[in-house]
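As given, the protein sequences belong to chains A and B, one line each in that order. Just so we're aligned, residue 1 is where the first sequence starts under the UniProt record's numbering, counting upward by one. Just so we're aligned, residue 1 is where the second sequence starts under the UniProt record's numbering, counting upward by one.
No lab work stands behind these hints: they were computed from the structure. All figures in this text were calculated on a predicted structure; none of them were measured in a lab. Just so you know, not all the hints are guaranteed correct.
In this list, chains with the same sequence are indistinguishable; a pair is considered to hold if it fits within one copy or across any two.
With a Cα cut of at most 35 Å, we get these calculated DSBU-like pairs of lysine-lysine [as the list claims (entries may be wrong)]:
1) K192 <-> K230
2) K62 <-> K389
3) K230 <-> K191
4) K163 <-> K389
5) K230 <-> K389
Spelled out from the first residue to the last, the chains are:
Protein chains: 2
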Amino acid sequence: MTLINETHDPARKSWVSSANGDMQFPIQNLPFAIFREAGSQSSWRGGVAIGEQILDMAKVAKLTLFSGDAQTAAQAAAEASLNTLMGLGEKANSALRLALSQALTQGSEHQAALEGCLLPQNSAEYGMPCHVTDYTDFYSSIHHATAVGSLFRPDNPLLPNYKWVPIGYHGRSSSIGVSGQAFPRPVGQTKKPDASVPDFGPCQRLDYELEMGVFIGQGTQLGQRIDISKAEQHIFGMCILNDWSARDIQAWEYQPLGPFLAKNFASTISPWVITTQALAPFRHKFTRPETDPQPLAYLSSEQNSQSGNLDIELSCFIQTESMRQAKHTPQRLSESNFKHAYWTPAQLVTHHSVNGCPMTPGDLLGSGTQSGPEAEEAGSLLELTQGGKKSLTLDNGETRTFLQDGDAIIMRAQCRLDGAATIGFGEVVGTILPALV
Amino acid sequence: MTLINETHDPARKSWVSSANGDMQFPIQNLPFAIFREAGSQSSWRGGVAIGEQILDMAKVAKLTLFSGDAQTAAQAAAEASLNTLMGLGEKANSALRLALSQALTQGSEHQAALEGCLLPQNSAEYGMPCHVTDYTDFYSSIHHATAVGSLFRPDNPLLPNYKWVPIGYHGRSSSIGVSGQAFPRPVGQTKKPDASVPDFGPCQRLDYELEMGVFIGQGTQLGQRIDISKAEQHIFGMCILNDWSARDIQAWEYQPLGPFLAKNFASTISPWVITTQALAPFRHKFTRPETDPQPLAYLSSEQNSQSGNLDIELSCFIQTESMRQAKHTPQRLSESNFKHAYWTPAQLVTHHSVNGCPMTPGDLLGSGTQSGPEAEEAGSLLELTQGGKKSLTLDNGETRTFLQDGDAIIMRAQCRLDGAATIGFGEVVGTILPALV
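Using the sequences plus the hints, can you model the full thing?
Right under this line is the structure:
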């Protein structure tokens with residue numbers, strides 16, 4: 001369990017002035033991304049967000065300002081992907097966080113040296129934060145599972161295993177892209193309920209899913225189980241994840257082996273990875289309804305039941321092609337919160353490894369769509385439009401049941417609690433291109 | 001489409017005498033593996049099987065005997081994984097095959113140089129042939145789908161989408177190991193039909209699945225579709241795949257998103273990758289029953305319907321701990337043939353990419369369990385024992401419904417047709433260890 005320490009002190013200020021009062025990247029956050037100068041052919045390397053700047057870890061590592069674990073981690077953060085850093089584990093990552101926090105604090109002896117390591121975020125472009133070694137998507141919002149289940153199986157919305165098993169399935173890593181990803185509308189097979197023969201063509205029910213992504217840090221070997229009490233030590237950090245979904249393709253293909261082409265055409269993640277350490281002040285207690293079973297022993301720990309969830313505010317916006325042309329800002333579709341998740345990140349990790357499945361630094365676990373308990377807190381259009389039956393009217397008069405070509409979906413996440421500095425995840429943007437014929 | 005050429009000539013003999021008449025690795029085969037001297041710390045590198053020898057491609061590449069594409073491919077084959085070689089595509093791989101075939105033929109000018117590049121197979125150990133970038137498992141045997149469906153869903157064994165959609169789902173790459181893999185029996189949640197609460201403990205219904213694995217060669221970008229007429233150009237080659245399955249875990253977890261922990265604890269592949277070129281003489285025409293629908297246009301081509309399947313004989317053996325101690329050879333459980341597959345490798349590749357999902361050199365596609373039309377041709381114990389209801393009695397008097405600790409499963413594959421040299425896939429062996437408590 002990560003403890004609150006000086007790096008979380010809300011009174012701490014940075015000599016990077018834009019960090020002070022920043023609602024995304026104050027000195028209490030210190031997330032990692034892979035970046036380079038926008039439009040350049042310079043090398044990808046790791047960076048740390050501080051206010052409106054990026055601290056270039058390739059430059060920092062060369063200065064050898066730190067020692068021991070912190071310097072080892074700084075060198076790993078200088079690489080072109082974060083997999084090595086992720087694999088160093090909690091101790092080294094905590095050491096680097098402390099070293100960076102101190103070095104970026106007002107009055108640090110390292111200010112002069114580090115001033116030469118800054119690049120404005122608006123001059124940068126982002127790469128994938130790591131090579132995603134394996135991608136698994138869970139289904140941890142009971143509100144989403146119930147709402148979607150009622151559309152696919154009206155008689156049987158929430159299956160009997162849901163309250164016992166953290167349901168998950170494997171996804172595709174090759175189609176995961178970083179914010180800014182644009183992809184053609186998928187084509188595929190669909191079948192109308194009353195048709196005898198399937199159709200083939202562009203997806204007509206293209207949707208987003210508002211999720212959190214969990215990056216695995218220290219890995220395990222085949223046959224090794226991760227105890228629930230140690231699961232968070234294997235989580236490097238989190239991002240925002242848009243798990244795009246083709247609902248009409250999904251309905252026809254998903255039985256008996258689950259979603260496949262309905263999901264693997266694209267998934268988009270935010271560039272900044274917010275570390276487990278940074279999220280420590282935002283732990284949340286989720287209480288299962290009294291009538292629900294308690295988790296089996298392997299999924300239970302005192303710490304997990306007391307503070308295993310995270311209070312992360314989520315929001316989802318649309319910007320259509322017309323809105324972009326008229327220079328309208330994105331319009332909010334819904335707000336939700338990760339604290340409602342029925343299964344915690346630690347439970348997802350422990351469940352995933354309980355059979356001995358090896359975890360690898362850079363594995364990405366999707367939380368599943370994070371819909372809240374209220375209908376307007378839904379994390380997908382499928383839910384907001386009741387399966388496409390009730391269209392949404394946007395402020396500019398356009399209507400949507402599902403996504404149109406040119407639509408961009410923007411997701412944001414932020415942690416705000418009294419007594420803690422507000423930190424943000426930045427955002428993830430993805431855009432639908434016309435189908436390729 | 002790969003044409004039959006001089007490399008397939010059954011009369012061709014090699015100066016490596018053990019290759020002549022070899023039923024696995026004659027000069028007409030020339031498969032690739034990653035190997036090193038057994039028990040050594042020497043570097044992993046690519047090798048080509050020829051009779052009972054391995055041609056060390058790291059040594060071959062250094063000799064620069066070849067030129068152009070063939071030399072480029074030889075250098076790629078010298079690496080510690082075959083991903084680069086796979087990604088070079090059909091033209092370079094065909095050029096290397098021709099160059100190797102000529103250089104290994106009796107009378108070749110290169111004999112003296114290449115004699116120094118041989119290592120006996122019984123002095124070698126094998127690594128994973130490549131980094132498996134993404135793993136997808138299909139369900140291409142209609143006989144398996146029907147038999148398993150009748151156990152999980154007696155009222156509805158073959159779902160309505162089966163004859164239209166090449167059903168597949170994503171698997172886990174981190175737990176794929178090469179022949180020789182031993183892994184602990186998985187533990188997990190199961191639930192008896194009449195119980196109100198699930199159990200937790202070691203899997204009681206551990207099974208194998210007899211599959212073929214298809215390695216993707218040349219990859220594609222996000223949004224790029226692979227036309228059915230070009231799909232085989234994207235297949236580097238094939239291996240044997242044992243997709244171990246925990247049937248009791250699967251039954252409780254698989255709805256609604258498909259199998260997960262029931263599959264991802266281990267999957268074992270044979271070390272040798274048999275190239276698409278080597279398989280050219282064994283093309284087979286599969287005729288759908290007249291009452292079945294024809295595949296949709298994107299899954300149809302003249303070549304695919306005429307010769308898109310492959311005639312590959314498959315067999316599966318068990319060697320229990322008692323058999324090993326008594327030095328009994330493995331006992332055959334079943335025989336089948338890949339030619340019965342309802343969907344061809346080309347159809348699997350085209351379907352996988354139809355929505356724009358990027359393919360990557362080193363992606364592994366499992367064929368799904370290859371059960372034949374007869375009950376005794378089943379590729380899993382689930383089928384052979386009718387869901388565990390009818391136990392098998394082995395020659396030594398032991399009985400099995402599902403696998404016991406210490407059991408090894410051995411799978412073999414071979415191509416034999418009049419007018420062609422017989423070629424083999426070698427074998428894949430995997431062994432069950434006791435569950436970790």
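Each hint, compared with the structure:
no.: 1; hint: K192 <-> K230; in the structure: between (47 Å within a copy, 30 Å between copies)
no.: 2; hint: K62 <-> K389; in the structure: neither (58 Å within a copy, 66 Å between copies)
no.: 3; hint: K230 <-> K191; in the structure: between (46 Å within a copy, 27 Å between copies)
no.: 4; hint: K163 <-> K389; in the structure: both (29 Å within a copy, 30 Å between copies)
no.: 5; hint: K230 <-> K389; in the structure: neither (45 Å within a copy, 40 Å between copies)
Checked against the numbered hints listed earlier, the structure breaks hints 2 and 5; every other hint is satisfied.
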